[in-house]
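Student: Generate the whole structure from the sequences, applying the supplied hints.
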Amino acid sequence: MNNRVALTGNEAVAQAMKQINPDVVAAYPITPQTEIVQFFSNFVNNGQVDTEFVAVESEHSAMSAAVGAASAGARTMTATSSQGLALMFEVVYIASAMRLPIVFPVANRALSGPINIHCDHSDAMGLTNSGVIQLFSENAQEAYDNMIQAVRIAEHPDVLLPVMVNLDGFITSHALDILEVLDDETVKNFVGIYNPEEFLLDVKNPISMGNLDMYDFYFEHRRQQVAAMEAAKKVIEDVGKEFEKVSGRPYGLIETYKLDDADMAVVLLNSAAGSAKGVVDELRAKGMKVGVLKPRAFRPFPFEEISTALKGVKAVAVLDRAETFSTLGGPMFADVRAALYDLKNDIKVINYVYGLGGRDLRLEDVEQVFNELDEIVKSGKTDKVVNYLGLRE
Amino acid sequence: MAKVLEIRWHGRGGQGAKTAALMLAEVVAEMGKYVQGFPEYGPERMGAPILAFNRISDEKIHIHSNVVNPEIVIVLDATLLGKAKITQGVGEDGIYIINTTKTPSEVRELLGLDDGKLFTVDANQISLETIGRVIPNTPLMGAFVKATNLLPFDEFFDKVRGQLSKKFKSKPEVIEGNLEAIKRAYQEVKSE
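Taken in sequence, the protein lines are chains R and L. Quick note on our numbering: the first sequence kicks off at 1 and runs consecutively. Quick note on our numbering: the second sequence kicks off at 1 and runs consecutively.
Take these hints with a grain of salt, some might be off.
[Stated by the list, open to error] List of simulated lysine-lysine pairs, DSSO-like, C-alpha gap at most 27 Å:
1. R:Lys245 to R:Lys289
2. R:Lys289 to L:Lys3
3. R:Lys241 to R:Lys286
4. L:Lys146 to L:Lys159
5. L:Lys3 to L:Lys102
6. R:Lys245 to R:Lys258
7. L:Lys183 to R:Lys258
8. R:Lys245 to L:Lys60
9. R:Lys258 to L:Lys85
10. R:Lys286 to L:Lys102
11. R:Lys204 to R:Lys311
12. L:Lys117 to L:Lys190
13. R:Lys234 to R:Lys188
14. R:Lys18 to L:Lys167
15. L:Lys146 to L:Lys167
16. R:Lys233 to R:Lys204
17. R:Lys286 to L:Lys3
18. L:Lys117 to R:Lys289
19. L:Lys169 to R:Lys18
20. L:Lys117 to L:Lys146
21. L:Lys60 to L:Lys190
22. R:Lys258 to L:Lys166
23. L:Lys117 to L:Lys102
24. L:Lys60 to R:Lys241
25. R:Lys258 to R:Lys381
26. L:Lys33 to L:Lys183
27. L:Lys85 to L:Lys117
28. R:Lys18 to L:Lys60
29. R:Lys233 to R:Lys286
30. L:Lys60 to L:Lys102
31. L:Lys159 to R:Lys245
32. L:Lys146 to L:Lys190
33. R:Lys258 to R:Lys188
34. R:Lys18 to L:Lys166
[What the hints assert, rightly or not] Calculated from the model, a selection of chain L residues having no Cβ within reach of chain R, i.e. all distances over 10 Å:
35. Gly13
36. Phe157
37. Lys190
Calculated from the structure, these hints are not laboratory results. C-beta atoms are modelled at their ideal positions from N, C-alpha and C, and glycine is treated no differently.
Tutor: Right, here's the structure in full:
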């Protein structure tokens, strides 16, 4: 099977959407929207998909329209980036609470201010507590593959939650990369036909959705969302295994790279994980026992898989492309550190905030992190827990 | 890690540096190699200096950082010589391909270069004569093939024809003009 193509991340995601052929796509077409929606609207215009494309006046309206369409029983998508996602926040919480399996790609870009359009995970990290499943993609291939799997994960009866597919703004979204695409029939069969159990347009079984929910049931419904998120872990793994059968590419909750015998590891999301793999190859050639852990799912957070994967290492650096302003480092650092706490085996865990606003993560930056981990392993002492990488100070 | 060839394009907004980097990547991808093509997005305006990058490898490319130590530098606009950081990060075996009416030795002096290999081609004039307006990006791909000697020209030429035919279905005259430009630049590029 030679389906190797050269596409930008945006083209790859739009291609996946074309092959999924959703019932409804509601999107705001102007900045900070990415080309994903522009390419997809061409498919709509050319009659290559059956999708009802709803152009709306804001991202708040885009997610609202998506909530309406998904409630009605349609397989629904939207797409956005940075400030657009910020404007969508309010309605994302509603989509997840209403248990609507809306799939939406997000090209991760900085939030203003200062005004900046470049790669940064602040947009996605703002939604970690919203009840959406968050998948991250190292490159165009993974963005494409994640989109296709996201449909199955979102619509699984044990889950029924929105899925956000993240890819790095510009670095992945606008860069031409090589990937393998599946044929239309394979994607069509993989995603299957969406048969929601309950939906508003089911006139024979009328229901109401999005009701007022006071102190008598709100808490129970929130707990159910947590249960769905717990169930999502197995579903993400199962769908990943099934996807491997049709694509040859394995997917789980995390990906590990040369971690089995590693003394030191870095944990990072999206494209930076690829750069770290390159550095690991070079350092391994010099005899350093180093590896990479890349969470594919950030919500739900794969606590068990991460603590199992890291239990043999001596020192870990978590690299965050977002700030929390807690003054204790980035968002992933807190979660990874918590995941390792119960191991009680004195793994040193430090944090680096890097790449904010599109600051390039250079290979020598990653090498510097491994060298500092090496120092920590040798001395047994951690000097500074939270660090900034590639920053002028 | 497999050897990755890195290219940096210097141009001005509107000259097609990004398009050239993406098109080169598409063509090289069709020749069976792994590639990346990406621009550096700054404040986008016509005439502002911009950069675009390629990585080419026989194996899958993991890294996603900017290109800082390119083996090949391609300059689309001669007015950037002496202004943009053309030689920054380039090793002593670096290959420079410059769109200019000047000779390689004149450019060498202008850049203050002691090493590297210099190639020049008047891509403006070539594109004017073949395409009908000044778009130096496609002819520079022809100069690239000659200067680097990495890819067989005939195969490259065929794949470019395929790419252009896809992009300009309704404007066949554009296709022939661009192909002619690439061929001429391939023939006319000057070395020292």
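Student: Indicate, hint by hint, whether the structure satisfies it.
Tutor: Quick rundown of the hints versus the structure:
{"no.": "1", "hint": "R:Lys245 to R:Lys289", "in the structure": "violated (32 Å)"}
{"no.": "2", "hint": "R:Lys289 to L:Lys3", "in the structure": "holds (22 Å)"}
{"no.": "3", "hint": "R:Lys241 to R:Lys286", "in the structure": "violated (35 Å)"}
{"no.": "4", "hint": "L:Lys146 to L:Lys159", "in the structure": "holds (16 Å)"}
{"no.": "5", "hint": "L:Lys3 to L:Lys102", "in the structure": "violated (33 Å)"}
{"no.": "6", "hint": "R:Lys245 to R:Lys258", "in the structure": "holds (24 Å)"}
{"no.": "7", "hint": "L:Lys183 to R:Lys258", "in the structure": "violated (46 Å)"}
{"no.": "8", "hint": "R:Lys245 to L:Lys60", "in the structure": "holds (21 Å)"}
{"no.": "9", "hint": "R:Lys258 to L:Lys85", "in the structure": "violated (37 Å)"}
{"no.": "10", "hint": "R:Lys286 to L:Lys102", "in the structure": "violated (45 Å)"}
{"no.": "11", "hint": "R:Lys204 to R:Lys311", "in the structure": "violated (54 Å)"}
{"no.": "12", "hint": "L:Lys117 to L:Lys190", "in the structure": "holds (11 Å)"}
{"no.": "13", "hint": "R:Lys234 to R:Lys188", "in the structure": "holds (23 Å)"}
{"no.": "14", "hint": "R:Lys18 to L:Lys167", "in the structure": "holds (20 Å)"}
{"no.": "15", "hint": "L:Lys146 to L:Lys167", "in the structure": "holds (24 Å)"}
{"no.": "16", "hint": "R:Lys233 to R:Lys204", "in the structure": "violated (34 Å)"}
{"no.": "17", "hint": "R:Lys286 to L:Lys3", "in the structure": "holds (17 Å)"}
{"no.": "18", "hint": "L:Lys117 to R:Lys289", "in the structure": "violated (39 Å)"}
{"no.": "19", "hint": "L:Lys169 to R:Lys18", "in the structure": "holds (22 Å)"}
{"no.": "20", "hint": "L:Lys117 to L:Lys146", "in the structure": "holds (13 Å)"}
{"no.": "21", "hint": "L:Lys60 to L:Lys190", "in the structure": "violated (33 Å)"}
{"no.": "22", "hint": "R:Lys258 to L:Lys166", "in the structure": "violated (41 Å)"}
{"no.": "23", "hint": "L:Lys117 to L:Lys102", "in the structure": "holds (15 Å)"}
{"no.": "24", "hint": "L:Lys60 to R:Lys241", "in the structure": "holds (23 Å)"}
{"no.": "25", "hint": "R:Lys258 to R:Lys381", "in the structure": "holds (25 Å)"}
{"no.": "26", "hint": "L:Lys33 to L:Lys183", "in the structure": "holds (22 Å)"}
{"no.": "27", "hint": "L:Lys85 to L:Lys117", "in the structure": "holds (17 Å)"}
{"no.": "28", "hint": "R:Lys18 to L:Lys60", "in the structure": "holds (26 Å)"}
{"no.": "29", "hint": "R:Lys233 to R:Lys286", "in the structure": "violated (37 Å)"}
{"no.": "30", "hint": "L:Lys60 to L:Lys102", "in the structure": "violated (38 Å)"}
{"no.": "31", "hint": "L:Lys159 to R:Lys245", "in the structure": "violated (33 Å)"}
{"no.": "32", "hint": "L:Lys146 to L:Lys190", "in the structure": "holds (10 Å)"}
{"no.": "33", "hint": "R:Lys258 to R:Lys188", "in the structure": "violated (35 Å)"}
{"no.": "34", "hint": "R:Lys18 to L:Lys166", "in the structure": "holds (19 Å)"}
{"no.": "35", "hint": "Gly13", "in the structure": "holds (15 Å)"}
{"no.": "36", "hint": "Phe157", "in the structure": "holds (18 Å)"}
{"no.": "37", "hint": "Lys190", "in the structure": "holds (30 Å)"}
The structure fails hints 1, 3, 5, 7, 9, 10, 11, 16, 18, 21, 22, 29, 30, 31, 33 (numbered hints given earlier, in ascending order).
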